[in-house]
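From first to last, the protein sequence lines stand for chains A, B and C. Residues 1 to 602 in the working numbering are what the first sequence lists, from first letter to last. Residues 1001 to 1243 in the working numbering are what the second sequence lists, from first letter to last. Residues 2001 to 2285 in the working numbering are what the third sequence lists, from first letter to last.
Wrong hints could be hidden among the right ones.
Below, a list of computed lysine to aspartate or glutamate pairs in the DMTMM-like style, where the Cα atoms sit at most 25 Å apart [to be verified]:
1) B:Lys1021 to A:Glu536
2) C:Lys2087 to B:Glu1090
3) B:Lys1082 to B:Asp1071
4) B:Lys1021 to A:Glu493
5) B:Lys1021 to A:Asp332
6) B:Lys1133 to C:Glu2167
7) B:Lys1021 to C:Asp2090
8) A:Lys220 to C:Asp2090
9) B:Lys1021 to A:Glu319
10) C:Lys2087 to A:Asp501
11) A:Lys579 to B:Glu1234
12) C:Lys2087 to A:Glu319
13) A:Lys324 to C:Asp2090
14) B:Lys1021 to A:Glu330
Every beta carbon over 12 Å from chain A, so not counted as near; a handful from chain B, in silico [stated by the list, open to error]:
15) Arg1078
16) Asp1079
17) Gln1097
18) Arg1119
Keep in mind that the hints were calculated from the coordinates and are not lab data. Note that beta-carbon positions come from the ideal geometry of N, C-alpha and C, so glycine has one too.
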Amino acid sequence: MMDTQATPLRPSRANVRGSVSTLGAALPFLALLVVGVSLPLFAGGYWGVIATRACVYWVLVSGLNLVVGFAGQIAIGWVALLTLGAYTTSVLVAGNVMPALPPYLALAIAAVVGAIFGLVIGLPALRLRTFYFAITTLGFATIVTQVALAWQSVTGGGVGVAGPVFPEPFASQWGFYYFCFGLAAICTWMTANIAASRFGRALTAIRDAEVAAEACGISKPVLLGAVFLFSGAVAAVAGGLFASLQSYITPDAFTLDLSVLFFIAILIGGRSSIFGPLLGTILLTVLPEFAAPLVAWSTFLYAVLLLVIVLAIPGGIAEILDFKNRRPLESDRAIVPRPELIVRLLDAAPNGGALTLQQVALSFGGVRAIDGLDLEIRPGQVHGLIGPNGSGKTTTLNVISGYYAPQRGAVRLNGAAMHVLAHHRRAHMRIARTFQTPRIVGSASVLQNVMIGGTIDGEGTFVESLLSLPRHRRDEAMLRDTAMLALAAVGLEQLAPVRADRLQHSELRFTEIARALMLRPKFLLLDEPAAGLSVEEISRLSALLLAIARAGTGVLLVEHHPDLIFDICHHITVLNLGKTLAAGTPAEIRSHREVINAYLGG
Amino acid sequence: MPISGADPLLDIAGLSTGYGKIGVLRGIDMTVGAGEVVALLGPNGAGKTTLLRAVSGLLPWSGSVRFGGRDLAGSSPRDTVKAGLAHVVEGHRVFTQLEVLDNLLLAAYDLPRSERMLRVEEVFALFPEIAAKRHERAAALSGGQQQILAVAQGLVRRPRLLMLDEPSAGLSPVLVDRVLVVVQRLREAGTAVLLVEQLIEKALALADRVYALARGSIVLEARTSEADLPHRLEHAYMATASR
Amino acid sequence: MVASIVLSGVAIGCIYALIAITYNVMFSASRVFSFTAGTLGMLGGVLGSLFIARMGMPVAVGFLLALAGGAVFGIVTEIVAVRPVLKSLDQHLYVLSTLALALMIQQFTAIEWSTEPQPFPRLLDIAHVEFDQQFWLPMLACAAVIVGLELLYRHSLIGHAFLAIAEDNYAARALGLPERRLRMMSYALAGAIGALAGFAGGEMLLAFFANAPMLTFYGFVPVALGGMGNNRGAVVAGLLLGLFQQTANFLVGGIFASVAVFTVFIIVLLARPEGIASPALRRRV
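With these hints in hand, go ahead and build the complete structure from the sequences.
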């Protein structure tokens, strides 16, 4: 039953609800803030040191969290940056190589050095498989320690060097504690800002749905580069603080155990979370202190914890604390799209040019996947692409979306040839697509998943998000409102705050469509959207796709389902063995003898 | 309607299965009698391969599957092979790094050592063209020969029911006929065959009965002797769901 | 001098090659790499020292027990860290689970055995010579494993079954091969090979828990350079690595040798992420 009234989308209520939930989310942080600020009132000097150490570790872990927890890069050897930061700060303050510098300046320089090396250590992730990358980070960690050992003239070799002493009021024990606590609080705030920004969401998209992220225009190298720079910088700052805390550093203070601790704290805390790893860091720093024998076994225990988490609760502490996603969902939910909202969402100019394939040919190792294909997708029309398995339908779609380059022929947009193999540029050309199997970020909410679709429309930079500057907040509001509109249009509004992996298959398909709509696409490419949908859902999908076409978008529909194809397509191309078997209106195709034979196989 | 009053060799009732969240088959009822050749037809994406995978234990399923009177619930592919049910998968997948002989010996992995060569020789007697190449690596065989090798692998254990998934796929018409002659021979020897095929005419020529699968359910069941089958099949596939 | 570099280079290269083979055998069986490969190498040395030096068993008995211990830990890896995560949708959990297991074993060894390197017994009662047993034992072990694996894979049914599972897991299952049991046996074999590496190299490396991270890294370099699952490439790369390392050691000293090895490794890997030997082929969509 369709709601024919054009009801306003209640943005104000959504905003209020949003503010309340933000306050709720901030509560645990505020609690920790209060405890931390008031610590000297109830804890002795010994616990002060432990607390300072936890703060220092958290400064590093907060940055590493973006790399490991959000971007999913398994950087085990990040202690290398702690070492770098510690030695850089200490050496600059001690005046071994050049006249002694004030500690704050030294710390700042260490941050720059850390940023550069963060990039150096992290960038191989773009070329290497997961396990290989993990091993190389381990190698880096070993190298840095060994260089520290060998470069005696600068680092003092095995003898070591004194750590920096910060001037009053941070020289005393509690004074230094507040300094570290302040920096830890700032890092928490900054990384929480990133987490709630389009950059944080884009990182999780790279981690869990890389191909979809590319289709949304997210550039992995640029984003990972920014994260490695930031993460390296804060890790080096943590190193400087660490050196000061230890008063004196030697290479064997930077053990693999420490690297493991950082890494495990994030995984215990849970991915895509700030509070989880924060709690994890505190836990791992404090735990060994409760019993003397535990200190020797601490790394063993961390490893056991990691194994348990991986096998039993991959979501970590964050999953355990995620109460709102434990509330049961209604079992007979229906997806009720509101096609009338499509017009408000899309603004494609109906007189834009067509997307054409001219004599495109592509072979995979001797097999002709596509053999001289001509195809024209006009704006405002639904073009169906059907054919038996292996006929080249999905390959054609992948050529249009830029994953494969045609060996012959051309793909043109509005007459101009499209740059081949630039799959992450298609989004900028307002070409959106969905996938045969829904590719979404399971641990993120439906709303966040849809907002990922609009990532390239944000104007604020990474730094602006880091500091929660006005342009970042405007971007967030814009993306949120557009995403809610898209969700309402596809009929999934009420599921917006729900974790995506709790949804049924058909709901995930509609979520993908909502995400694609965020681009306000001139062309929408759909890969078997009806698979797994019920009869009712298919008819609602039909109405939705027709509304999208009427708003001026050109739709390419790759499908098996005769219902969808014959009901809504303006034009159909039938593929067989990579060639066009027939092309025409649904009525023509339906009675075409050869088509029927091809489908039934004769 | 099922033929005789005796219990069918393979009895599927209310079978449902899918991949993760994606449901593919819903409430499938099907039987295959001893010594029968049954064809399973349907357009792409209908779920034919999924059905075979469920029956042989490669995919979990719900419902009821009985083979030779035995309940197959929870059986792994290894169990179903032992029970006498062989599944030759789609795409003539043989182990290209190994010799033809070793490909067949692997099919006899669970048999006692003394029996293995015996069974392999039996199968070689059925397929002289691959017997001639017994020490060549499977990679050196043509597509059609690889398909025959795959079928031969299925026969090593002397199954009571052989399930073939699109044995003609990717083969030239000559090779297709060669493979289907094998099916004919099997029927003569008393082995039941469940044949999934895209080539309707050839399948109808061989089979005793036919099922048509579309969009996850059985849309037609008939004996191949019945009139007007091709037309009825076409209608069953292309028909849109009732609204 | 050259002779000494060549001998020690080839010897240590053989140890690295054996660890690489351990990685590869596990990879062939499960399509994942395990962090425990290097740890198994460490265990070979530690168990050997424990059984023979500390507990006074005869060398042959200690040898067999050390191999058996490796096989057991290989099976433990499969059951605890690999099997549970193979089914998961998250493809990279195996990195974390095997890392956790490897760390647990390393730490346990450090605490219960010793944090300092312990002497490894002299296995054969022959006097020290230039071409000493500490050099040719690893070479013998490497050669024996290569020949043994060749015999296994080419001429035994179970070896064929391993190859089948590695080439086409789906077809192997459909054929009725006991895929899970075969994977466990592969891991047991890999464990024994890893332990053999540590045992044969015991006199060179000593019984030291910190051999684990060292072998984890240096044992992986031949895998990365030789191509995943490619044992022949791993052996060649391992020998070259050993020679390069010992030469660098001699020329610039231990620490800068590690830097040199690592730099070369990273550069080669970035240029050819699939390894020098194998072609690249990826279909992602």
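*Satisfaction of hint between A:Glu330 and B:Lys1021, Cα-Cα up to 25 Å*: OK: B:Lys1021 and A:Glu330 at ~17 Å, within 25 Å.
*Mind checking the alpha carbons of B:Lys1021 and A:Glu493 for me, to see if they're no more than 25 Å apart?*
Judged against 25 Å, a Cα distance of about 21 Å means the pair holds.
*A:Lys324 paired with C:Asp2090 [C-alpha distance capped at 25 Å]*: holds, 23 Å
_Next pair to validate is A:Lys579 with B:Glu1234; report whether the Cα-Cα distance is within 25 Å._
Since the Cα atoms of A:Lys579 and B:Glu1234 sit roughly 23 Å apart, the hinted pair holds (cutoff 25 Å).
*Agreement of B:Lys1082 and B:Asp1071 with the hint, judged by alpha carbon distance not exceeding 25 Å*: holds, 13 Å
*Verify the proposed pairing of B:Lys1021 with A:Glu536, using a straight-line Cα cut of 25 Å.*
holds, 18 Å
*Measure nothing beyond the straight line between the CA atoms of B:Lys1133 and C:Glu2167; if it is 25 Å or shorter, mark the hint as holding.*
holds, 21 Å
*For the pair supplied as a hint, B:Lys1021 and A:Asp332, confirm whether the alpha-carbon distance does not exceed 25 Å.*
Cα-Cα ~16 Å, so holds.
_chain A versus B:Arg1119 - minimum CB to CB distance exceeding 12 Å, so not interface_ = holds, 34 Å
*Straight-line Cα separation of B:Lys1021 and C:Asp2090 no greater than 25 Å?*
This hinted pair holds, its Cα atoms lying about 16 Å apart.
*Given the proposed pairing of C:Lys2087 with A:Glu319, does the C-alpha separation stay at or below 25 Å?*
holds, 20 Å
*Is B:Gln1097 truly not at the interface, in the sense that its beta carbon sits beyond 12 Å from all beta carbons of chain A?*
Fine: 18 Å to the nearest Cβ keeps B:Gln1097 off the interface.
When each numbered hint is compared with the structure, no violation occurs for any of them.
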